[in-house]
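Read top to bottom, the protein sequences are chains A and B. Under the working numbering, the letters of the first sequence match residues 1 to 514, in that order. Under the working numbering, the letters of the second sequence match residues 1 to 709, in that order.
Any given hint could be a false lead.
Example chain A residues on the side facing chain B (calculated, C-beta under 8 Å, incomplete) [stated by the list, open to error]:
id : residue
1  : S38
2  : I39
3  : T43
4  : Y73
Calculated cross-link-like contacts (lysine to aspartate or glutamate; reagent style DMTMM-like; alpha-carbon spacing at most 25 Å) [what the hints assert, rightly or not]:
id : chain 1 : residue 1 : chain 2 : residue 2
5  : B       : K527      : A       : D317
6  : A       : K259      : B       : D370
7  : A       : K4        : B       : E424
8  : A       : K30       : B       : E501
9  : A       : K4        : B       : E450
10 : A       : K226      : B       : D370
11 : B       : K507      : A       : E256
12 : A       : K259      : B       : D517
13 : B       : K527      : A       : D262
14 : A       : K244      : B       : D517
15 : B       : K635      : A       : D317
16 : A       : K4        : B       : E624
17 : B       : K369      : A       : D218
18 : A       : K71       : B       : E604
19 : A       : K310      : B       : E424
20 : B       : K548      : A       : D317
21 : A       : K30       : B       : E610
22 : A       : K30       : B       : D517
23 : A       : K226      : B       : E695
24 : B       : K693      : A       : E265
25 : B       : K507      : A       : D317
26 : A       : K259      : B       : E528
27 : B       : K667      : A       : D262
28 : A       : K226      : B       : E339
29 : A       : K71       : B       : E424
30 : B       : K343      : A       : E31
31 : A       : K30       : B       : E624
32 : A       : K211      : A       : D40
33 : A       : K244      : B       : E624
34 : A       : K226      : B       : E451
35 : A       : K279      : A       : E265
36 : A       : K71       : B       : E501
37 : B       : K369      : A       : D317
38 : B       : K507      : A       : E22
39 : A       : K226      : B       : E624
40 : B       : K421      : A       : E65
Simulated from the structure, these hints should not be mistaken for lab results. For glycine and all other residues, C-beta sits at the position ideal for the given N, C-alpha and C.
Letter by letter, the chains look like this.
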Amino acid sequence: MAVKTFAAIDVGSYELAMKIFEVSRTRGMKEIDHIRHSIDMGTESYTTGKLSYQRAEELCRVLREFSGIMKAYQVSDYVAYGTSAVRETENTIILLDQIQQRTGIHIEVLSNSEQRFLDYKSIAFQGEGFLKIIENGTAIVDIGGGSIQISLFDKDTLVSTQNMKLGVLRLRDNLAHLNASIRQYENFLDEIINAQMAVYKKLYLKDREIKNIIIVDDYISTLLRKKSINNEMTGYAGAELFEKFRDVYHKESLSELAKRWDMPEETMPLMYIALIMTKRIMEIMGAELIWAPGVTLCDGIAYEYAQKNKIMVSTHDFEQDIIACAHNISKRYRGSKKRSETLEQIALTIFDSMKKIHGLGNRERLLLQLSTILHDCGKYISMTNLAECSYNIIMSTEVIGLSHMERQIVANVVKYNHMEFEYFEEMSRYGVTDQASYLKMAKLTAILRLANGLDRSHKQKFKNVKTALKDGQLIITVDTNDDITLEKGLFGASAMFFEEVYSVRPVIRQKRTI
Amino acid sequence: MGKSGYDDPGFYSNRELSWLLFDERILSEARDKQNPLFERLKFLSISASNLDEFFMVRVASLKDMINAGYDKPDIAGLTPIKQLKEVNKATHELVEAQYAAYNRSLLPLLLQNGLRVIEKHEKLTEKEAVYVDQYYEENIYPVLTPMAVDSSRPFPLIRNKSLNIGALVTKKNGDGELEFATVQVPSVLPRIVKIPSDQEQEKVVILLEEVIERNIQKLFLNYDIVCSYPFRIMRNADFSFEEDEAEDLLKEMEKQLKKRQRGQAIRLEVEQGIDERLLAIIKKELMIPDEDIYRIGGPLDLTFLMKMYDLPGFERLKEKGYAPPQPVPELPVDCDIFEQIRKEDILLHHPYETFLPVVDFIRQAAKDKDVLAIKQTLYRVSGNSPIIAALAQAAENGKQVSVLVELKARFDEENNIVWAKMLEKAGCHVIYGLVGLKTHSKITLVVRREEDGIRRYVHLGTGNYNDSTAKLYTDVGLFTCSSSIGEDATAVFNMLSGYSEPLLWNKLSLAPLWLKDRFLHLIGREKENALAGRGGHIIAKVNSLCDKDIIEALYEAGAAGVKIELIVRGICCLKTGLPGIGDKITVRSIVGNFLEHCRIFYFENDGKQEYYCASADWMPRNLERRVEIMFPVEKPELQKKLMDILSTQLKDTVKAHVLKSDGSYEKVDRRGKESVNAQQEFGRRAIQAAKDKSEATQRRVFIPETHHE
């Protein structure tokens, strides 16, 4: 049958959710079931680093039921992701194995940036609404339990993303410590939010004009998408609606509100926090319109699946977002744009002609590209300690869409571009335990080093370079009238490592145009 | 509260008294000369069995409250003590009226029509006496268990609702001291004993207790019988309180549990003219006060009349004006139900239209290779239910079958457990109700995998999935494969399985979470419209109306000028003719051949009419302590069908009673109006529709199909 069913499972901190989708090339994706079970894993995982026996039992029981439901729908594929609660358990691997043994469901753990990227993908797949809104300056505010993520758009590409520990549950717990009454919330929240947002504004926002905010959360989105509450433009709101919401919080009790909005009473304080926060962010950014597409992580999982399996094609180029983010980081640390471009061009040319030998794919090509863009970011801190500084900057800057391991690859490739490569035994002491990733690092490092060597003078002499693989040699033909003695002379060191990794000797040929 | 100005208890009726008025309306059908004689027997029997249930549940409940010292006034401002007092007065009057109808109207008419009921065994002819004595020896005597009471034998347990004969006896050769003896009239034997008659045109019957009384001496051979009389008690036997009472009562009751007299007798029926010495003994042993004693001028326990209705040979005296269930035009026999539903939404009106398609829906789903899952809520089902069989079959065929079985359905618990177990054995996933809530909603979901993806077929109804009662109760049901209702139906079953509520509902409204507010909103909207000069109109058909918030909202809407027409079969705590409202709110009740059961709601909504059907009545228990579903009917053709039902009932002049401002019900004043019997009218229409359809299919001109599904 042309129509397949797919299940997306989100093992969240406070909820287990599964969405069943119908996917087909002709009709795209259609949600047919959404099953949610409340389970507080976050509290245990954050405080003790482990899940209690009862909690794990409950988790397995519900996942077994999910597995039964998948069977009933004859689901042919599924993806299950765990987020922060699973991520923050100390015995993650044991826990996940246990779950797989007992329920048959394999769960993978998402890093924060991957998770946010999925949320972002699900927004981008909304098509029309998304394309229209990002015509003007737009920020995505993704409000979670532990933190929020603010991502900025410039024209139609995502340029920066920043995580802040301002999640609604975290704030609620903080406010509970202060014994704040709901009426005092606004003052306290304003102070907490303003403090963080002021820094954010100074560093990231600067004079960007943000007109629209796309919001991803469990509270405001639900509210804005209720026809009874937001009749005119389901999912959209302006500042005045938020003003109205705030006012009712001052007038009505939480139980009255819960009734009025048809929502569980215990979510009302969280909703209030989310409302105040969004309102403040709107004010700080000067935004006028809120859009709540009402997507969940499950949607993101499904879009990712559809994209991977070429069931759906988004008009939006997600790789461009990742690259734009990297450029932005480079810009922040005063990286040389010109040099990056040359390096990028040379490195990618080499990468492409070596395809048969390295056996790497598009994703690794992207990682190489990111490495070239970020190759010198550490200079901002120290010219001598360039390798370590670059590594640390990359590791502590969020690049949306990259998994933790991918980020590590980029950071290491940049690092070993500047210092002696270390072998597996050595590197595994720094937490690189996965051989496949290690090999990728080695291969990409070799290419980056070679490219770096070809542009030693930083004069972009090798800008128009051509490479060809021939009889166990990589012939690098450079079309320039410049003197390349320096490059030729210092080429040896980087060429040796390249040869070690690929068993291919790089050779430079100069072609002079008269 | 109190904002509306309609908060005063004086604006509300007590629900028990209102219920008794309903039973009186049933009794009035027994008195109605327009009804065939045997139908009148049936109505009398129903009024009697209803009253029995009323005692066991409602009166018992009031007594519990009094025993527990609970004295919170009800919606009409009456404390339990006050309520019980008024109920007592009313029930005595009702029983008087029942027997007046039986003795003065029905018995003479039966005789005229060839059925002689021998009221007293003394009136048997010699030949008849010989026959009954022989019948006694052969059939009755072996199953009797006579019990005498003396110093060594305690007073025996008299069973709830059983009919007994009590006697005063003296020992032969004794000192003449009076002793008490009793024998239960066996419930395993038919209550009506047929006696062969000499006349061909005449049938003769006598009641079982008379035959036993005549032969009672044979049970107590060592005694002389001084006198013997039938008696019957009703006990507060089963420990179940009505969920309608306030929750604080429940807590109170738990505390007071020990004080409660279990199995306390709450009603004693004795034959009029009973020997006072005999009565004194029974009264003392059962500790029953005078006001709970009913002296009956006729046979005790009139429910035997239902058996009399079944006596062969009296077909001419039974109702024939009501057609049997007709085929549904949109769902001809042997059609592919799924295909028909894909063409259009289908609204069924039972019992005028047959319930069979609903059973077939599940049967076909069980066999269909493309069906993935069947989910259903079951409240009361018939014994040997074909639906249960089909569900079990489906599970055996590898479908995912989830069934929510409500075990708390009153009087049906045991029955439910048996077949629930059976379903489980067949591989169904059975959910035994929800903690603290009764699941009263009637919904079925069939998930089917089709060429173009998953499609969900949903049946929503106002009546139980019970093929037997579907022939007697009026209900409506909707078949649809609308994706928005399908999504909601999936969400309903997710919730019933213990998962979180969905983020949004498309079309359905559920109790206990949202339904009441939804109703209040819909009523409030009409009020706003009326206040803004856009007019307002509500028609609601329910079985009971006793939720205070709803009534208050209706009062407010009525005061604002909304025209409110209510069709309330049973309890109605709303009053008509209140100051400021006048005749803006009218209430009528239809008591007819079929039990009115469907709940339909119409809201004018400033010209954008909305129609809903629901499993819920406007009672606190429906809106607050049950899982109920209300669904909209949106297709104009189906809306028209619903409006036809409502408007025909509003035009009924034969079976409708109108609630007067003094709280009494009166039949519609028929002067100047054509005679309309809504239930008969629906039957005629169903026949016509079925006929039109079959004529259309039998036309001799071929109709080419222009497209293929």
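Requested in this report: Could you grab the alpha-carbon distance between K71(A) and E604(B) and see if it respects the 25 Å cut-off?
Outcome: violated, 45 Å
Report task. Quickly compare the C-alpha distance for K30(A) and E610(B) to 25 Å and report which way the hint goes. Result -> Roughly 29 Å between the alpha carbons, so the hint for K30(A) and E610(B) is violated.
Query raised in the report: If you draw a straight line from the CA of K30(A) to the CA of E501(B), is it 25 Å or shorter?
Result: The hint holds at about 20 Å.
Query - 25 Å Cα cutoff - pair K4(A), E450(B) - result: Status holds; Cα separation ~11 Å.
Report task. Would you mind confirming whether the straight-line C-alpha gap from K71(A) to E424(B) stays at or under 25 Å? Result -> Satisfied, since the Cα-Cα distance of roughly 19 Å is no more than 25 Å.
**Report entry** Hinted pair K507(B) and E256(A), Cα distance within 25 Å
**Finding:** Holds. K507(B) to E256(A) sits at ~23 Å (cutoff 25 Å).
Query - Distance restraint between K369(B) and D317(A), which requires alpha-carbon spacing of 25 Å or less - result: violated, 42 Å
Report task. Compare the distance between the alpha carbons of K226(A) and E451(B) with 25 Å, and conclude whether the hinted pair is satisfied. Result -> violated, 32 Å
**Report entry** Proposed proximity, E22(A) with K507(B) (alpha carbon, max 25 Å)
**Finding:** This hinted pair holds, its Cα atoms lying about 22 Å apart.
Requested in this report: Below or equal to 25 Å on CA atoms is what counts here, so check K507(B) against D317(A).
Outcome: violated, 37 Å
Query raised in the report: Quick one, are K226(A) and E339(B) close enough, alpha carbons at most 25 Å?
Result: violated, 33 Å
Query raised in the report: Is K4(A) close enough to E624(B), meaning Cα to Cα at most 25 Å?
Result: violated, 41 Å
Hint compliance for this structure: hints 2, 3, 5, 6, 7, 10, 15, 16, 17, 18, 19, 20, 21, 22, 23, 24, 25, 27, 28, 31, 32, 33, 34, 37 are not met, and every other hint is.
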